[in-house]
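*Asks:* Numbering (the UniProt record's numbering), first residue to last: 1 to 98.
One thing to keep in mind: the hints can contain errors.
Below, a list of computed lysine to aspartate or glutamate pairs in the DMTMM-like style, where the Cα atoms sit at most 25 Å apart [stated by the list, open to error]:
| hint | residue 1 | residue 2 |
| --- | --- | --- |
| 1 | Lys-21 | Asp-46 |
| 2 | Lys-92 | Glu-59 |
| 3 | Lys-21 | Asp-39 |
| 4 | Lys-21 | Glu-77 |
Bear in mind the hints are in silico, worked out from the structure with no lab data behind them.
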Amino acid sequence: MNIKIVHTYMYMTTVGYFQVKWFKKQSGFGFATDENGQDIFCHHSDIKIDGYKYLKRGEIVTGTKIEMEGGKTKLGEIRGVSNFPLMCQLDKHEPREA
Numbered sequence: 001m002n003i004k005i006v007h008t009y010m011y012m013t014t015v016g017y018f019q020v021k022w023f024k025k026q027s028g029f030g031f032a033t034d035e036n037g038q039d040i041f042c043h044h045s046d047i048k049i050d051g052y053k054y055l056k057r058g059e060i061v062t063g064t065k066i067e068m069e070g071g072k073t074k075l076g077e078i079r080g081v082s083n084f085p086l087m088c089q090l091d092k093h094e095p096r097e098a
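The task is simple: from the sequences and hints, build the whole structure.
*Replies:* This is the structure we're talking about:
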């Protein structure tokens, strides 16, 4: 008989608004700042849209701040405020200038 030990982790989450501090498209990560000035890690896999995902400096987003084990914090469920599009979604729809 095999016994498997499963660890359960508790995470503290907070939903709110965040301003993107910086984001590297090539690497797929960056940081956003919450209303208290805390920098929070952002990863492209947590951006909840289809297609190429990135954030732009200064952009305001909504998401879930997740405080994980070991004191690390990340931003999950990243979306445009009130379900408006993110800037990366608008970039591909802008007409080219002649």
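*Asks:* Hints numbered earlier in the text: which of these fail when held up against the supplied structure?
*Replies:* Nothing - there is no hint that the structure violates, so all of them hold.
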